[in-house]
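S.K.: Top to bottom, those sequences are chains A and B. Here the first sequence is numbered in my numbering, starting from 1 and rising by one per residue. Here the second sequence is numbered in my numbering, starting from 1 and rising by one per residue.
Please note: incorrect hints may appear among the correct ones.
Said to hold, decoys possible - One-sided and incomplete, this derived list gives chain B residues near chain A with beta-carbon spacing under 7 Å:
1. 243
2. 247
3. 726
4. 895
5. 898
To be clear, the hints were calculated from the coordinates, so they are not data collected in a lab. Being a predicted model, the structure only gives us computed values, none of them experimental. The beta-carbon is built from N, C-alpha and C at its ideal position, and this holds for glycine as well.
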Amino acid sequence: MPQLDAKGRHTVAFTLNGHPATVEVETRTLLTDALRHGLGATGTHVGCEHGVCGACTISIDGVPARACLTLAIGIEGCAIRTVEGLAPEPGRLGILQAAFRRRHALQCGFCTAGILMSLDAYLALRPRPSRREITEVIGGHLCRCTGYAPIIEAALEAAAELRGEGPAPTPSESAHA
Amino acid sequence: MGIEHTAFIGRSVERVEDAALLSGLGRYIDDLGTGPGTLHAAILRSPHAHADIVAIDTEAARALTGVVAVVTGRDLAAITTGLVPAVRAAVDARAIAVDQVRYVGEPVAIVVARDRYLAEDGCDLIEPQYRVRPAVVDPVAALAPDSVVLHEGVGSNLVSDRRFRYGDPEAAFSESPHSLSVTVRYPRNTGTPMETYGVVASYDPTDDSYDVLANFQGPFSIHAVVARALKVPGNRLRLRTPPDSGGSFGVKQGVAPYAVLIAATARLVGRPVKWIEDRLEHLSASVSATNRVTTLKAAFGADGRVTALDWDQIEDCGAYLRAPEPATLYRMHGNLTGAYAIRNVAVRNRVVLTNKTPTGLVRGFGGPQVYYPLERLMQRIARTLGLDPFAVIRRNLIPADAFPYRTATGALYDSGDYQRALDEAARDGGLVELKRRRDAARAEGRLYGIGLTAAVEPSVSNMGYITTVLTAAERAKAGPKNGAQSTATITLDPVGSVTVQVASVPQGQGHRTVLAQVVADVLGIPMEQVRVTADLDTAKDAWSIASGNYSSRFAAAVAGVAHLAATRLRDKLTRIAAAQLNLRPEDLVFAGGRVASRTNPDAGLPFGRVAAASHWSPGLVPEDVGAAIRETVFWTPPELTAPDAEDRVNSSLCHGFIFDLCGVEIDRVTGKIGIDRYVTMHDCGRVLHPGMVEGQVRGGFAQALGAAVYEELAYGDDGAFLSGTFADYLLPTATEVPDLRILHVESPSPFTPLGAKGVGEGNCMSTPVCLANAVADALGLEEIDLPLTPAKLARLAAGGDELAPPAGHAASKPPTKPGDRTLRGEGTAEVTAPPESVWAMLLDPDVLASVIPGSHGVRKLSDTHFQADVSLGVGPVKGRYKADVTLSDLDAPRAATLTGTVTGGLGSGGGSGRITLEPNATGGTRVSYVYEASVGGKVAAVGGRLLDGAARVIIGGFFAALARRAGGSSSRFPQIPGFLRRLLARLGVSA
Numbered sequence: 001m002p003q004l005d006a007k008g009r010h011t012v013a014f015t016l017n018g019h020p021a022t023v024e025v026e027t028r029t030l031l032t033d034a035l036r037h038g039l040g041a042t043g044t045h046v047g048c049e050h051g052v053c054g055a056c057t058i059s060i061d062g063v064p065a066r067a068c069l070t071l072a073i074g075i076e077g078c079a080i081r082t083v084e085g086l087a088p089e090p091g092r093l094g095i096l097q098a099a100f101r102r103r104h105a106l107q108c109g110f111c112t113a114g115i116l117m118s119l120d121a122y123l124a125l126r127p128r129p130s131r132r133e134i135t136e137v138i139g140g141h142l143c144r145c146t147g148y149a150p151i152i153e154a155a156l157e158a159a160a161e162l163r164g165e166g167p168a169p170t171p172s173e174s175a176h177a
Numbered sequence: 001m002g003i004e005h006t007a008f009i010g011r012s013v014e015r016v017e018d019a020a021l022l023s024g025l026g027r028y029i030d031d032l033g034t035g036p037g038t039l040h041a042a043i044l045r046s047p048h049a050h051a052d053i054v055a056i057d058t059e060a061a062r063a064l065t066g067v068v069a070v071v072t073g074r075d076l077a078a079i080t081t082g083l084v085p086a087v088r089a090a091v092d093a094r095a096i097a098v099d100q101v102r103y104v105g106e107p108v109a110i111v112v113a114r115d116r117y118l119a120e121d122g123c124d125l126i127e128p129q130y131r132v133r134p135a136v137v138d139p140v141a142a143l144a145p146d147s148v149v150l151h152e153g154v155g156s157n158l159v160s161d162r163r164f165r166y167g168d169p170e171a172a173f174s175e176s177p178h179s180l181s182v183t184v185r186y187p188r189n190t191g192t193p194m195e196t197y198g199v200v201a202s203y204d205p206t207d208d209s210y211d212v213l214a215n216f217q218g219p220f221s222i223h224a225v226v227a228r229a230l231k232v233p234g235n236r237l238r239l240r241t242p243p244d245s246g247g248s249f250g251v252k253q254g255v256a257p258y259a260v261l262i263a264a265t266a267r268l269v270g271r272p273v274k275w276i277e278d279r280l281e282h283l284s285a286s287v288s289a290t291n292r293v294t295t296l297k298a299a300f301g302a303d304g305r306v307t308a309l310d311w312d313q314i315e316d317c318g319a320y321l322r323a324p325e326p327a328t329l330y331r332m333h334g335n336l337t338g339a340y341a342i343r344n345v346a347v348r349n350r351v352v353l354t355n356k357t358p359t360g361l362v363r364g365f366g367g368p369q370v371y372y373p374l375e376r377l378m379q380r381i382a383r384t385l386g387l388d389p390f391a392v393i394r395r396n397l398i399p400a401d402a403f404p405y406r407t408a409t410g411a412l413y414d415s416g417d418y419q420r421a422l423d424e425a426a427r428d429g430g431l432v433e434l435k436r437r438r439d440a441a442r443a444e445g446r447l448y449g450i451g452l453t454a455a456v457e458p459s460v461s462n463m464g465y466i467t468t469v470l471t472a473a474e475r476a477k478a479g480p481k482n483g484a485q486s487t488a489t490i491t492l493d494p495v496g497s498v499t500v501q502v503a504s505v506p507q508g509q510g511h512r513t514v515l516a517q518v519v520a521d522v523l524g525i526p527m528e529q530v531r532v533t534a535d536l537d538t539a540k541d542a543w544s545i546a547s548g549n550y551s552s553r554f555a556a557a558v559a560g561v562a563h564l565a566a567t568r569l570r571d572k573l574t575r576i577a578a579a580q581l582n583l584r585p586e587d588l589v590f591a592g593g594r595v596a597s598r599t600n601p602d603a604g605l606p607f608g609r610v611a612a613a614s615h616w617s618p619g620l621v622p623e624d625v626g627a628a629i630r631e632t633v634f635w636t637p638p639e640l641t642a643p644d645a646e647d648r649v650n651s652s653l654c655h656g657f658i659f660d661l662c663g664v665e666i667d668r669v670t671g672k673i674g675i676d677r678y679v680t681m682h683d684c685g686r687v688l689h690p691g692m693v694e695g696q697v698r699g700g701f702a703q704a705l706g707a708a709v710y711e712e713l714a715y716g717d718d719g720a721f722l723s724g725t726f727a728d729y730l731l732p733t734a735t736e737v738p739d740l741r742i743l744h745v746e747s748p749s750p751f752t753p754l755g756a757k758g759v760g761e762g763n764c765m766s767t768p769v770c771l772a773n774a775v776a777d778a779l780g781l782e783e784i785d786l787p788l789t790p791a792k793l794a795r796l797a798a799g800g801d802e803l804a805p806p807a808g809h810a811a812s813k814p815p816t817k818p819g820d821r822t823l824r825g826e827g828t829a830e831v832t833a834p835p836e837s838v839w840a841m842l843l844d845p846d847v848l849a850s851v852i853p854g855s856h857g858v859r860k861l862s863d864t865h866f867q868a869d870v871s872l873g874v875g876p877v878k879g880r881y882k883a884d885v886t887l888s889d890l891d892a893p894r895a896a897t898l899t900g901t902v903t904g905g906l907g908s909g910g911g912s913g914r915i916t917l918e919p920n921a922t923g924g925t926r927v928s929y930v931y932e933a934s935v936g937g938k939v940a941a942v943g944g945r946l947l948d949g950a951a952r953v954i955i956g957g958f959f960a961a962l963a964r965r966a967g968g969s970s971s972r973f974p975q976i977p978g979f980l981r982r983l984l985a986r987l988g989v990s991a
């Protein structure tokens with residue numbers, strides 16, 4: 001590992017949602033700041049900067065991580081995935097995102113990116129999660145608006161749809177009929 | 001049969017907000033780029049609850065490359081003034097301290113730098129000098145004649161004391177066979193939105209105007225307060241809000257002082273300045289709900305019928321009375337009798353200042369503080385009389401045929417059928433089954449209780465209610481205040497598409513969706529043809545003092561006024577279309593994107609063509625219709641009158657109803673509260689969007705659960721703030737929030753355009769006391785205060801006795817009283833040197849330098865006075881401190897008392913210890929010590945959980961090093977000195 005100058009600026013190269021990215025940082029620059037202010041990827045939010053709230057959760061080489069507890073300098077060569085990478089194409093929502101919208105699983109939306117990233121990783125790992133497991137995954141995040149119940153429903157519904165078990169219910173209001 | 005429009009209102013349509021928020025495309029304040037040259041601010045805050053600022057040395061901070069300016073309260077004094085509260089007291093309510101700090105977290109200086117990192121570096125280099133004063137944190141203690149006084153100009157900490165009398169409470173109490181009182185100490189908590197405060201401000205010296213972007217939520221009456229604090233007329237303060245806001249729950253009203261601070265700083269530095277609050281700042285110094293000490297007394301008959309209430313409320317607003325406080329105390333004034341028909345009420349309201357963060361809006365605003373004592377009282381009355389609490393509540397309810405109902409204190413309850421709601425909740429919520437479950441649990445010796453709560457949820461605040469704090473004479477002099485202007489603007493563009501602008505500033509409540517539903521329904525067009533903007537620009541948009549997103553006013557007032565504006569526009573379009581179609585206006589309908597004859601759909605025009613007519617063909621528009629291009633409607637309900645001469649006030653327009661019932665079980669050993677069932681019945685009038693109403697109820701319930709069980713903004717007796725992280729201020733997560741059964745009845749409000757009432761705050765009012773009632777029922781308690789932490793419940797479950805600790809563990813010493821955070825410890829060490837040698841070492845700065853943990857050198861000021869620079873770490877928080885140690889009560893070579901203080905950027909501490917040297921049998925010395933210490937500032941706020949252990953390690957380390965130096969080893973860790981050294985090293989202490 002090369003010795004880095006604490007006061008200098010360094011260029012870090014990695015992939016962000018599949019595209020090559022470089023950003024210039026200090027050794028102390030947090031990954032949240034590098035993504036948001038260095039690269040303009042503001043979908044990743046900062047809620048507490050001490051690793052509890054989970055709003056800043058992103059995927060580093062496929063593993064969820066708190067970007068606020070990660071130094072940007074350390075992601076050289078990594079594959080970073082953020083909420084901006086979840087949609088299949090601009091203007092469309094992925095299955096998990098669409099389930100969130102259908103189930104009213106967000107209100108202010110500030111914590112949502114982190115929850116989506118945790119669930120995205122978890123559902124890839126465990127396609128048949130129990131309600132308990134999903135609750136515990138979401139338990140790693142703080143949401144102040146929803147009371148969590150609709151998030152759990154959205155996650156379970158998305159898991160079923162990702163497994164190909166029946167189409168999502170339409171129209172959307174059926175959830176509240 | 002003509003065309004028909006299927007209404008969007010009443011359906012849970014998908015939200016128009018969500019696609020962007022789910023794709024990372026939200027535009028919150030920190031996501032919006034800033035202009036070139038924008039500087040970044042960090043705020044240095046007081047580590048003390050009460051102190052004089054002796055001096056602030058900013059030289060080193062200013063010298064740091066990248067730092068542009070360091071601004072202190074004194075620098076801002078000339079261009080700002082205080083934030084005016086509703087009560088004119090001699091309280092200097094500035095946004096930044098000048099000569100004195102009065103709460104931990106109070107801004108002391110602002111560093112402005114090229115980036116935020118450098119600004120924070122700058123903060124670390126500022127050296128303020130404080131002369132610490134004693135602090136008062138308890139509102140009752142603050143009323144004592146000999147109390148510390150926060151604001152000497154006021155002369156006492158009591159800034160308002162009002163008595164009210166409605167009906168004949170004295171007669172009711174004297175004639176009543178029974179009376180009973182409860183005393184409640186309601187704690188501090190807050191809404192903690194996941195997004196913190198943010199402000200970006202600039203100043204234009206050419207016309208003396210400010211431009212402020214802030215994630216402010218209203219009420220925009222505060223715009224006047226901010227403009228005045230910045231010493232500019234209202235039209236020179238352009239206040240804008242970002243398109244998205246990451247939650248608020250009332251709390252973002254409190255960004256206002258920072259708007260003043262950052263705007264004035266931008267003026268001083270001549271560049272735009274941006275500040276984003278961090279979480280420690282937010283928890284310690286944004287906004288707290290008030291803590292309140294209430295004694296509520298009731299007169300009641302043998303059947304449990306309450307005839308009179310006597311309220312004594314002592315409201316703690318923290319260190320400064322900030323607008324709109326003391327509104328928390330008066331918001332509920334009209335509904336102090338809750339859901340009950342009680343005609344005789346006495347009230348004493350006192351507002352007290354203490355050395356804590358100033359209070360402000362928090363979801364529920366005044367509701368939890370009122371319903372907690374009121375609903376505890378109803379349960380106590382039932383228990384006292386041996387009646388079923390359900391029956392006592394039901395017996396006291398306002399009769400269904402009495403609406404609109406004028407309460408004793410002046411509220412006009414719009415609609416409701418409380419008995420029906422109660423009965424349906426009991427039936428559909430399974431109250432009978434819950435009682436069976438309780439019986440079964442108790443038969444097995446388990447601790448199970450049932451809680452009930454009835455509450456009236458006020459919404460759409462009367463802007464005049466706060467003037468109830470003034471006497472009738474004072475009000476007459478100031479002029480009456482009343483009403484609640486809401487506004488909506490609807491614009492038709494040249495292709496006939498529709499834009500709606502409202503002054504409601506949502507933070508996630510889906511306003512844009514509901515407004516699109518409302519307007520699309522009126523105009524008979526698809527929702528997609530309506531675009532809504534809800535961010536506000538005070539320079540361009542219609543707004544008034546009541547604008548903003550608070551007091552659950554959206555559905556009732558804002559959606560209502562949008563309906564009125566759309567209707568007015570439709571009426572104009574009807575006449576335009578009628579003229580073109582040669583039909584009578586009353587024969588036209590708006591549906592399916594067309595304006596057409598009710599009876600002959602072929603006789604019609606596309607909506608877009610009619611809507612665009614005033615742009616393209618004003619000649620076709622009947623002259624007396626005028627342009628149908630833009631309608632701005634302001635609406636204020638006539639029911640919101642000013643307080644009358646007898647102090648009766650209709651504090652809110654709408655009054656929803658809630659009845660909660662729950663069953664809880666308490667684990668006898670751990671004290672953990674398990675919610676077996678929670679049922680919440682709501683009557684919020686007409687439901688506009690069931691999915692969003694459910695979201696409000698669930699979200700409010702989760703926050704209320706936090707307030708009831710987990711959350712408290714905790715302070716030590718010395719005013720130190722102790723809950724500065726999410727590991728200390730505990731929010732409920734998905735694993736803590738139980739299933740919730742939501743029930744509804746609908747009593748539309750006759751006072752609002754759509755029949756809707758507010759629904760967002762109700763559970764914050766009802767749930768804490770409902771859970772407390774269940775706990776009281778489970779444990780057979782007469783008194784119980786929040787939060788219902790496991791430690792507290794375990795103690796209560798054990799009948800007040802501590803459970804024996806597990807084998808092999810010493811019992812932890814409980815604090816002598818709540819709030820006492822004194823760290824206490826003792827220990828001994830055996831050393832080979834005789835007492836005289838050890839004594840000499842204690843007085844030798846070189847020896848001390850080598851044994852004080854983390855010491856960078858000791859200066860001897862006199863034989864008994866030393867100063868040292870030390871590096872200490874508590875958990876992750878490592879910092880450099882100045883230590884000042886004095887030796888006293890010298891009894892050479894047997895004993896001495898060390899008294900010291902430690903101060904640094906991360907906090908401060910103080911304490912004293914007694915060292916005793918005794919010769920031991922082998923010619924050496926037995927060194928014994930006992931100490932007491934306390935720690936404040938940032939270290940206490942973020943590391944409170946670690947302090948006791950850290951103190952033991954640091955102080956133990958001192959004696960271990962002393963012992964080594966004197967040729968011995970500490971007997972506390974005789975076997976593992978290496979372990980201690982490793983532990984010390986991990987804590988950043990080089991012993």
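S.K.: So, as I understand it, the hint says residue 243(B) touches chain A; can you test that by seeing if any CB pair is closer than 7 Å?
M.R.: With a closest approach of 11 Å, the residue 243(B) hint is violated.
S.K.: Taking the least C-beta to C-beta distance, is residue 898(B) closer than 7 Å to chain A?
M.R.: 34 Å, violated
S.K.: Per the CB criterion, is residue 247(B) less than 7 Å away from chain A?
M.R.: Cβ of residue 247(B) sits 4 Å from chain A, so the hint holds.
S.K.: Does the nearest C-beta of chain A fall within a distance shorter than 7 Å of the C-beta of residue 895(B)?
M.R.: 43 Å, violated
S.K.: When the nearest CB of chain A is found for residue 726(B), is that gap smaller than 7 Å?
M.R.: With Cβ-Cβ at 4 Å, under 7 Å, it holds.
In terms of the numbered hints stated before, the structure departs from hints 1, 4, 5, listed from lowest to highest.
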